[in-house]
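Number of protein chains: 2
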Amino acid sequence: MSNLITLVIYDISSDNLRYNVAKFLKSKGLKRIQKSAFAGPLTSGERSDVEAGLRRFAKIEPVNIQLYPLTEASFNQRVIIGVRIDYNGEEDILL
Amino acid sequence: MSNLITLVIYDISSDNLRYNVAKFLKSKGLKRIQKSAFAGPLTSGERSDVEAGLRRFAKIEPVNIQLYPLTEASFNQRVIIGVRIDYNGEEDILL
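Same order as they appear, the protein sequences are chains A and B.
Counting in my numbering, the first sequence runs from 1 upward without gaps.
Counting in my numbering, the second sequence runs from 1 upward without gaps.
Please note that the accuracy of each hint is not assured.
Given that identical chains are not distinguished, each listed pair holds provided it fits within a single copy or across any two copies.
[As the list claims (entries may be wrong)] Dumping the calculated DMTMM-like pairs for lysine to aspartate or glutamate here, alpha-carbon to alpha-carbon at most 25 Å:
(1) Lys59 / Glu72
(2) Lys28 / Asp15
(3) Lys28 / Glu46
(4) Lys23 / Glu61
(5) Lys26 / Asp15
(6) Lys35 / Asp11
(7) Lys35 / Glu51
(8) Lys26 / Asp49
(9) Lys35 / Asp15
If you're looking for bench data, these hints aren't it; they were derived computationally from the structure.
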């Protein structure tokens with residue numbers, strides 16, 4: 001399966017590591033959708049690359065990171081409730 | 001689409017409201033998968049009910065809550081990196 005939307009959600013207690021993971025995901029073309037969630041279309045090769053990078057972060061300290069490959073149909077059927085929260089002024093939130 | 005796995009992720013800054021949202025999602029049969037994420041199979045009727053309940057919480061204060069209907073195939077292809085984090089002793093974490 002390629003070009004699925006990859007959703008990444010994470011629980012990382014260290015501010016520094018969380019920041020670095022967010023920066024990494026952004027560098028891979030994913031967009032922030034919540035404080036600890038990114039999403040975007042990735043080929044299967046890109047997804048493997050993201051996964052490998054995240055596994056390296058997970059060696060630094062205990063974290064829980066989950067990746068979900070979503071079909072476009074699933075992604076388009078998402079429901080968003082509430083407000084668009086500003087994440088440190090980041091402009092590229094995907095809603 | 002019915003009996004999809006519903007994934008719910010949320011950004012809620014108030015501890016009290018976040019606790020109540022978690023309690024609500026648990027009461028609807030969803031399982032905690034991260035600090036601010038729950039998932040589980042719901043019929044389309046149950047999903048509407050969960051959505052309506054979450055919209056009520058969103059009237060209390062600014063929150064961002066996202067619901068994703070996932071096929072079982074998507075859910076089964078999720079990748080989990082890192083450790084199983086203990087969320088206040090909750091035993092029902094779905095991994």
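Each hint tested on the structure:
no., hint, verdict
1, Lys59 / Glu72, "neither (32 Å within a copy, 29 Å between copies)"
2, Lys28 / Asp15, "within (20 Å within a copy, 32 Å between copies)"
3, Lys28 / Glu46, "within (8 Å within a copy, 36 Å between copies)"
4, Lys23 / Glu61, "within (17 Å within a copy, 29 Å between copies)"
5, Lys26 / Asp15, "within (16 Å within a copy, 28 Å between copies)"
6, Lys35 / Asp11, "both (10 Å within a copy, 7 Å between copies)"
7, Lys35 / Glu51, "both (19 Å within a copy, 21 Å between copies)"
8, Lys26 / Asp49, "within (13 Å within a copy, 34 Å between copies)"
9, Lys35 / Asp15, "both (12 Å within a copy, 15 Å between copies)"
Of the numbered hints listed earlier, the single one contradicted by the structure is hint 1.
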